[in-house]
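Use these hints to put chains W, Y and C onto chain G, whose structure you have.
Protein chains: 4
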Amino acid sequence: MTDLIRLGVSISSDLLERFDKVIEAKGYVNRSEAIRDLIRNHITQTEWEGDEETVGVITIVYNHHIRELMDKLADLQHDHNTMINSALHVHLDHDNCLEAIVVRGRSSEIKKFADKLIGIKGVKHGQLSRTTSGKDI
Amino acid sequence: MTDLIRLGVSISSDLLERFDKVIEAKGYVNRSEAIRDLIRNHITQTEWEGDEETVGVITIVYNHHIRELMDKLADLQHDHNTMINSALHVHLDHDNCLEAIVVRGRSSEIKKFADKLIGIKGVKHGQLSRTTSGKDI
Amino acid sequence: MTDLIRLGVSISSDLLERFDKVIEAKGYVNRSEAIRDLIRNHITQTEWEGDEETVGVITIVYNHHIRELMDKLADLQHDHNTMINSALHVHLDHDNCLEAIVVRGRSSEIKKFADKLIGIKGVKHGQLSRTTSGKDI
Amino acid sequence: MTDLIRLGVSISSDLLERFDKVIEAKGYVNRSEAIRDLIRNHITQTEWEGDEETVGVITIVYNHHIRELMDKLADLQHDHNTMINSALHVHLDHDNCLEAIVVRGRSSEIKKFADKLIGIKGVKHGQLSRTTSGKDI
Chain G
1 MTDLIRLGVS
11 ISSDLLERFD
21 KVIEAKGYVN
31 RSEAIRDLIR
41 NHITQTEWEG
51 DEETVGVITI
61 VYNHHIRELM
71 DKLADLQHDH
81 NTMINSALHV
91 HLDHDNCLEA
101 IVVRGRSSEI
111 KKFADKLIGI
121 KGVKHGQLSR
131 TTSGKDI
Chain W
1 MTDLIRLGVS
11 ISSDLLERFD
21 KVIEAKGYVN
31 RSEAIRDLIR
41 NHITQTEWEG
51 DEETVGVITI
61 VYNHHIRELM
71 DKLADLQHDH
81 NTMINSALHV
91 HLDHDNCLEA
101 IVVRGRSSEI
111 KKFADKLIGI
121 KGVKHGQLSR
131 TTSGKDI
Chain Y
1 MTDLIRLGVS
11 ISSDLLERFD
21 KVIEAKGYVN
31 RSEAIRDLIR
41 NHITQTEWEG
51 DEETVGVITI
61 VYNHHIRELM
71 DKLADLQHDH
81 NTMINSALHV
91 HLDHDNCLEA
101 IVVRGRSSEI
111 KKFADKLIGI
121 KGVKHGQLSR
131 TTSGKDI
Chain C
1 MTDLIRLGVS
11 ISSDLLERFD
21 KVIEAKGYVN
31 RSEAIRDLIR
41 NHITQTEWEG
51 DEETVGVITI
61 VYNHHIRELM
71 DKLADLQHDH
81 NTMINSALHV
91 HLDHDNCLEA
101 IVVRGRSSEI
111 KKFADKLIGI
121 KGVKHGQLSR
131 TTSGKDI
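Residue numbers (this note's numbering), protein chains in the order written: chain G, 1 to 137; chain W, 1 to 137; chain Y, 1 to 137; chain C, 1 to 137.
Isolated chain G (complex conformation) (with noise of 0.2 Å):
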């Protein structure tokens, strides 16, 4: 933890007011607390618009009866097994199942595993949720 610093920022009444109305609907106790997910989410995005070592959840559904995905998809995660932290693995019905896969490096690196995995036939749909290490945010 670092020091915690008191930041000015000038902003019109009608403004505040506003943002205050949505903050609260969304749950946020304090407007601080607010703005600072602001700033954190917008590092964020930057990490990824840029190609540095970051963090993301790649999030898969698939068939699992479909003939040889299974390895397919072990396979593939077995040769990016030094950017793969863990995975959960969750029955959705007696068909279906999905795959959160936390994975971390840099974002081109990261996108590319994750276009892989998504274009294996039989993965129904597949999702790169891009979030941080958490370093220094």
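The set of hints was computed from the structure by calculation and includes no laboratory data. The reader is advised that the hints may include incorrect statements.
In this list, chains with the same sequence are indistinguishable; a pair is considered to hold if it fits within one copy or across any two.
Unchecked claim - Below 20 Å or equal to it, Euclidean Cα-Cα: the simulated EDC-like pairs (lysine to aspartate or glutamate) are:
id, residue 1, residue 2
1, 135, 17
2, 111, 52
3, 111, 79
4, 111, 49
5, 111, 51
6, 112, 49
7, 121, 71
8, 116, 99
9, 135, 53
10, 116, 20
11, 116, 79
12, 121, 95
13, 112, 52
14, 121, 75
15, 112, 51
16, 121, 14
17, 21, 51
18, 26, 115
19, 112, 93
20, 116, 71
Note that this is a predicted model, so its numbers are computed, not measured.
Relative to the frame of chain G, chains W, Y and C by itself:
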């Protein structure tokens, strides 16, 4: 214009340092303006998630040589003339036109109109830019 | 699994050529799978725009040293236990944790729950990944 | 215009049924056009992720009463006149203006220009709509 208020935001020195780097790269001259932009973006997003009165810009790219396409686009726009503020027509090349159409209304109605325009055969690409009336922000 | 149908799509040779290049770069082995992925993405987006029953993954990154944060996160998750399928906890470094929470429910309820989690003081970054139950797609 | 090809796509009857419902709701008159739109969207996204020559529309909303803002906006646009194709100016109300600026260039240059415009003090909201030149798609 309304009264300017000085708002105090507590923030760690590490987070502030990273934020300063990001906004400097984007060309911001001061933090207050960058933070107000984040707040206004957040309010604008919320306007669009709810079904509030707002402003959008629909951009479409199409090949004007396609038979009856210009007529269909004109008809659909005239059916929605109360929503349309104005439009810009650009000749991209011998075949392709771009139209940027400024619309005003409830977000659900703007989305429906945009879907219709983009769905017309011959429209190659369409996108809805979700902006704001600027009122009170 | 249901019957496979052979669907005919008319497409210009130029467009097809560019599409082939794009999907080859993404690692797709055939066009049908790439087109089915585009279709399934589109359906999934529509599920989330409407208020249908669906599946999401909420990712949060937080500093577990912050007083009472772990308790607040646990309390909020227990209040929504009927929505939560399971969760993965990752230790990113000495301070930071990542949690990936798989939730099921109407899209509006998932969004509300995600907003609450992300709004808790101490949660540095949060994101909702909008996926699907995989049913019928 | 190039040759039309008939492309065969194998798809399950369940998936096709759901797709038909979605595209009917969006006003599409046939599946081929809906699938071509998905393909063209995908290609356009890829153009923007790479650093290809493309077309964008920058939308800004600002209060024209702010001192020197109009001059700053005009100066910045003139410095980028080779990128700018044309612009539409809309008077939203007594205070607020919207400008939709059609730009052409490499995606990285368009993004940089958009960041600069949006970062100017007095610009309330800005957005970059990522469209296409329409060439070969």
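Could you work out which earlier hints the structure fails to respect and list their numbers in ascending sequence? Per hint list: single violation, 19.
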